[in-house]
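This is what each chain is made of:
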Amino acid sequence: MADERNIMVAGAAGQGMQTIGFILGKVMIRAGFEVFAMQDNESRIRGGHNFFQIRISKKPVRASSTPLHVLIALNQESIERHSKEVDPSGIIIFDSEKCQVSGEDGRFFGLPLERLAIEEGGNRIFENSVATGATLAFLGLDFQKLEDFLKAFFAEKADTVEGNLKAAMAGYDAVVKKKDAFAELRINPEKSEPKMFISGHEAVAIGALAAGCQFMSAYPMSPSTSIMMYLAGKADDFDMVVEQAEDEIAAINLAIGASYGGVRSMTATSGGGFSLMVEAFGLAGVSETPLVLVEAQRPGPATGLPTRTEQADLLFVLHASQGEFPRVILAPGTAREAFYDTIKAFDLAEKYQVPVVLLTDQFLADSYFAESRFDLSDVHIDRHLLEEKKAKALKAYKRYEITDSGVSPRAIPTAFGLEVVADSHEHDEYGHITEDPHMRKQMVDKRARKMKGLAGELGPPERIGNQKSEFLLVGWGSTYGAMAEAIEILNKQGISVGGVRLRDLWPFPTEQMTEILSDGQKWAAVENNATGQLARLIQMETQKKPEGMILKYDGRPFMPGEIVENFRKEMVGK
Amino acid sequence: MADERNIMVAGAAGQGMQTIGFILGKVMIRAGFEVFAMQDNESRIRGGHNFFQIRISKKPVRASSTPLHVLIALNQESIERHSKEVDPSGIIIFDSEKCQVSGEDGRFFGLPLERLAIEEGGNRIFENSVATGATLAFLGLDFQKLEDFLKAFFAEKADTVEGNLKAAMAGYDAVVKKKDAFAELRINPEKSEPKMFISGHEAVAIGALAAGCQFMSAYPMSPSTSIMMYLAGKADDFDMVVEQAEDEIAAINLAIGASYGGVRSMTATSGGGFSLMVEAFGLAGVSETPLVLVEAQRPGPATGLPTRTEQADLLFVLHASQGEFPRVILAPGTAREAFYDTIKAFDLAEKYQVPVVLLTDQFLADSYFAESRFDLSDVHIDRHLLEEKKAKALKAYKRYEITDSGVSPRAIPTAFGLEVVADSHEHDEYGHITEDPHMRKQMVDKRARKMKGLAGELGPPERIGNQKSEFLLVGWGSTYGAMAEAIEILNKQGISVGGVRLRDLWPFPTEQMTEILSDGQKWAAVENNATGQLARLIQMETQKKPEGMILKYDGRPFMPGEIVENFRKEMVGK
Amino acid sequence: MTVKIEDFQNDFSIAWCPGCGNFPILNAVKQALVDLKLRPHEVILVSGIGQAAKLPHYMRCNFFNGLHGRALPVATAIRIANSKAPVIVIGGDGDTYGEGGNHFLHAVRRNINITLITHNNQVFGLTRGQASPTTERGFVTKVQTHGVFLTPLNPLTIALALEAPFVARGFAGDGKHLTALIQEAITFEGFSLVDVLQPCVSYDRVHTFQWYKDRVYELKEGNYEPSDLMAAIQKSREWGDRIPTGIFYRNPERLSFEQHSPVLKDGPLVQRRLDISRVQKVIDSFF
Amino acid sequence: MTVKIEDFQNDFSIAWCPGCGNFPILNAVKQALVDLKLRPHEVILVSGIGQAAKLPHYMRCNFFNGLHGRALPVATAIRIANSKAPVIVIGGDGDTYGEGGNHFLHAVRRNINITLITHNNQVFGLTRGQASPTTERGFVTKVQTHGVFLTPLNPLTIALALEAPFVARGFAGDGKHLTALIQEAITFEGFSLVDVLQPCVSYDRVHTFQWYKDRVYELKEGNYEPSDLMAAIQKSREWGDRIPTGIFYRNPERLSFEQHSPVLKDGPLVQRRLDISRVQKVIDSFF
Ligand SMILES: Cc1ncc(C[n+]2csc(CCOP(=O)(O)OP(=O)(O)O)c2C)c(N)n1
Ligand SMILES: Cc1ncc(C[n+]2csc(CCOP(=O)(O)OP(=O)(O)O)c2C)c(N)n1
Ligand code: SF4
Ligand code: SF4
Ligand SMILES: [Mg+2]
Ligand SMILES: [Mg+2]
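Residue numbers (this note's numbering), protein chains in the order written: chain A, 615 to 1188; chain S, 615 to 1188; chain B, 28 to 314; chain G, 28 to 314.
Bound-form chain A, shown alone (with noise of 0.2 Å):
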């Protein structure tokens, strides 16, 4: 029996793929599989073309993959852009009264999916139902899982569940009648511990909750809004406040006012936004203000493709805003990382009063992961702030005392009786405007030694595989699992490949960088974007230059069959 099913729900927009795939995503991940989801969306509200694709596994999965086994073409376009992805073995669901598929393929199975739907539930809105338990049938999984689902998910609606069950119960018999022409369909799951089914901003959100933070601005921009909704719909119970800003510019200093004003606090957008937020980044940046700012990349330049993928905001984050100063980049892979890099992020930006920015990417922010369970026993809360005591007892309060760990203390305005102040200009200790060239150079001397200290607290880039390996791929971000996988490919082909993972990107780990790739291997970075910009920076830090490139940059993430092709093209012989 195969070890894992691809599935697609592709229509237009407004076709509920989102629900379906959902729905599919959370009975596969209770069934015990290991889960992969990835959303791809055009721009608009209704019509067009978008997918959803799910991957079910028996071992863990963080990257999509091919060939298709199971296609849920919601119209006739989704035939005719899909069909060609779908495995000989595989099937395609449509609609036989609506769509027309020519020839003699078996892999097409057509059920009157909107009349069922009418017919047994009682509404059209349940035709996608009809394809769900067609699609259970024919992996062979248990129909009870579906119903417990659907039973728990729509709690309050019972009509919604009536219908939805017997709509997918439809399907899902029409399939079962025709039981052995499908066989090698099916997949049984592995008895597993119970996972959560949860998307990259999903995890950022959460933890952001997890950390404290309590107020978060934003701006609507895809594919960040994921954030700003999730919160919103949290802020009552966390005590929190979500702004919808009235721009960008307003955004991060809504929340640098809120961070000033003494709770944590975050924004996030995309690099259309983020250009909006550079100066005040920078303002974050001088005034020592704690600031957690998502990124969320989409491709570029300008509006570029707004519902796409691309990592290439990399160098423009790390060298964002006028003169210089500290700041953090962290890049999670997979909504586990997202989870606890957010709540790193918190604890950052307040320990070293530095804007950290988690760099995340479309593909990350909407891709559902399969997780164990967040375990919050090791995440702690401390805001790094003066004593009140300390307070109390000092004769006058240095906002930007010069330290030797660059950090001075820092407290919250109107407590303890001080006057708390902070500044855009250079400033002296005091946060008073000066213009004296040895107290300028003094304070930018105090704000650069927090890279010492940061550098320490940020993790090592991630082996993956054999150390030893003749090929090195290395890459950052969301494309993470998905080189993982390539680089088992690899050496199940043969090729003898290790890979490097850069999780925590700035301070950068230069040492670290510098030693890997002094051993000789030949090595080459796997990047969603068209430079190659972690290689510009491995080579600013490191002066090593990679042998190769895998670089896409189309707005689409990479499959791992990908980087594999790219691999061989690209480094087997040099």
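Treat the hints as calculated values from the structure; they're not laboratory data.
Hints are not guaranteed to be accurate.
[Said to hold, decoys possible] For the chain S half of the interface with chain B, some residues (derived, Cβ under 8 Å), not all of them:
#1 F767
#2 P808
#3 I820
#4 Q828
Just so it is clear, CB atoms sit at the ideal spot from N, CA and C, and this is done for glycine as well.
For chain A, the structure is supplied; the task is to place chains S, B and G with the ligands on it using the hints.
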């Protein structure tokens, strides 16, 4: 007789240092000296402490120097701050009735400046002229030069000329009486061709005029405002509109609009304003709209030191804006270069349809250079537009046609009966929104191909001095003059040092720099910043690391002597 | 040569939701241009980002589709450079009054001769239904979970507070009236605002075509004189059971940017050529 | 413990020009705080960049001196985080109505309980005398060489067009009246604007203290009722031989952001602590 003299006019904002400094500079240059003058101003309108420092020399000078030979101290504070910088043979001119000096220091030369101004000129505002006259006398120069200049300068105001002249003569006479006491200070000019006395930003502004720029939009921000001010005064004569924008975002979008609309256009700002322009900078990139942008650097982060100098925006400008697209960065080092680079910027912007950044800084902007006449005979304006004949023959106009050079035919809207489009999304050849992965990739590649053509347009790194020296100093932008002079001094001191200066910074001259740095010379970067941004860029591009860094980041420019000193500390023995 | 509405047709496929209020606005824009005998290459459309802002892609014309919120400065300078061409800005309510709010204020102050058509659907359509600056109080979204409680921004009142010389409101459900408004706005010499009530069928179930139809009424000259600024401000504040459409204010006396500017008086910048001897003179002045 | 004006004194040296209208405003701010019995550590000042915006450095207080034009969003969120503290924004006219124009619109819409004091000197002081959004027509500068011809932005009218619940104008030449206005603005529950006529002695030779003194008159309750929005709009447009100062509009009925927000009703955010069991519940919801 000595080769050069350093003169400083120091006082509070509002005391007219700029006028007297400017007048002295003009008179000196007309007398046949080489002149360099820099300004040091606080961020305030009245009071505080400012100075204007003029160096006159028999050979070309492009940096300030120490010690001072004449200090015109317009208030007590100026005496206290700057006396120690005055050479033992030098002179300190001050108002003997308003300021006090202690001790028996032969350098002090008190004159009742204000009283003489009133008595002789009829108004206290002429007190600076008294000091100017005295300075001339100390240097042994002909009064006639001053008289001629003042008559021309205040041409329309006979009263002012009269008052100034009488006051100046009083100062002059007072010194001439004590003729021999200060004989050491005298200096004779060489006879040389007449030269322009022009600041870096004046040169940018007239470069724009010479390039046929007809639109300029900006939001005031030091040290960039001088460009807008200058152009506003010339707009009527040059069929130009200069528009003060409501903010920097408007400023750059206005400039882009004017360019699309059909005229050459520009904007100017400093780092903080550029931060706000970053998004539209990418808009120029993806819409392929020509744009010339002056980024006049000042020390950051954020508000930083508004009226001071730094070179810390290089990596920011290079990587600014989400996504990846070609751009050009030029960093002139003198007024002359600023003029020609501005003209070149307009040409490249239209030839390649890319944003071009002129990276200046406060020091370059506000400093006055002695320059031979700017020659216009090589300046030709080519708009690089689609020709009318070709336009008329087109079946369909593809604004973003995919070409080998990456450059597509650009037309002006409403001309030729074509519809001209510009788009901020990823688009097809017609400029319509596309989400197609293949078109996306083709468009990224098309835009990226411009880099190749551009690389061929730029000048190579400039070698300074001996190419086979033991050491190499590497610098860019406004440090040019000080670095070149430091190299001269070091060689005179018996240390074998050469230099490399980058003026055309991007596309980077990777091959040439790799070659230069492969010679085994020990090299150090000379930069007015804290992290060595050019050094980091060189590392990224050539994988060569400097042996040392000569950095200054206190908001003040380098003097040659400082580079010499730091070089000896950093490099000698390495 | 007469111009037909088909001349403005292109074959780029429209990504708006079926039934969206943007369709009739697109038609009205085209029809107004036809009525003005303008041909596609003679007019320049400028837009930002949003559903409304896609409009220029859906017809033949010169267009500059720039950034979210930034259409007005682009349009202003296009007009300065090319001051004979009619320039029309198409914006959404988020686009124009949210992200672009500052440019709105100052474009009105400049009184440049362009026409701003705002598709005011009281919602961020393209980003999936968050409140916009014009959203009515109480409207619940996934971000405004307790309903909007900010004061809605009334674009007409603001424009009038800035003495905008041409302020009008149209309704997407009345194409004929809207066409006439747009036409007059384009011919008006100075900054003209046409704020259009535009139902969003996907994210606003309250302000449907019917909801508006039940409420809108036309300001008819004769009954209403659009020449008194204070009266216009007062009228602009009417909203509820009755919602006025039409021209609220028209002031042909106020000089436009083009009329003021000493340089533009001599004709469009784009038609002038540099006289290099002037540069020479400037260079001379530095000696 | 009584508070004295000296308690607000610090020894940082003031960089304003001698005779500048900013000095009496600084005094009025301090005096208003003294009168309200607030101590330096109890009040938070927020400013942007400009001459006016340096004010917080010149007195003892908590302050956040941020970016040019961006004081309002910072102040808004400080108040949200710390919703018991009086938050006062100090801005210039360029700062607040130019660079920060969009935030001005939306801060008014939010009706957060902060006080905005704009030092309106009709000029960009710190950058040496360019026109600001409030500069009167005809004013010649080195950039506006033919004199300003844009319509001056009337901040009071705009605020009123957005239904700001407290709109006042003060004059730097009448410190007592100004103090009273600031005091009332601070105690007002909701967004309050005090636009202050401030002579710039270095760049504006027209609008001197005397020029204003010859023209200003106080709106006195009794003669003028600041409760009618339309009347206030009308009054806000009066400018010329007579210039009204005082409270143009006051609407205590309108609920503030703090009063609306379901979360802030329970007290300042900064005083609450996270209950980790709630996070556990959220995590559970992903299974
Ligand atoms: C700088 C920036 N921020 C945010 C966005 C995301 N965005 C695109 S359209 C839009 C708002 C759309 O609302 P509106 O302007 O009212 O237009 P509609 O879609 O309703 O026509 C937003 C926030 C963006 N493209 N650019
Ligand atoms: C982003 C940005 N743009 C421009 C500036 C330069 N700048 C500083 S203050 C100022 C305007 C000052 O005018 P106003 O706000 O009226 O204050 P005033 O000095 O008159 O009190 C400007 C343009 C800046 N600091 N930051
Ligand atoms: S979301 Fe609303 S505004 Fe956008 S296209 Fe659909 S109906 Fe129209
Ligand atoms: S320039 Fe004007 S506003 Fe600024 S301090 Fe001087 S007088 Fe005051
Ligand atoms: Mg809208
Ligand atoms: Mg001002």
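Hints and how they fare:
no.	hint	result
1	F767	violated (11 Å)
2	P808	holds (5 Å)
3	I820	holds (5 Å)
4	Q828	holds (5 Å)
The structure is inconsistent with hint 1 alone, although it conforms to all the rest.
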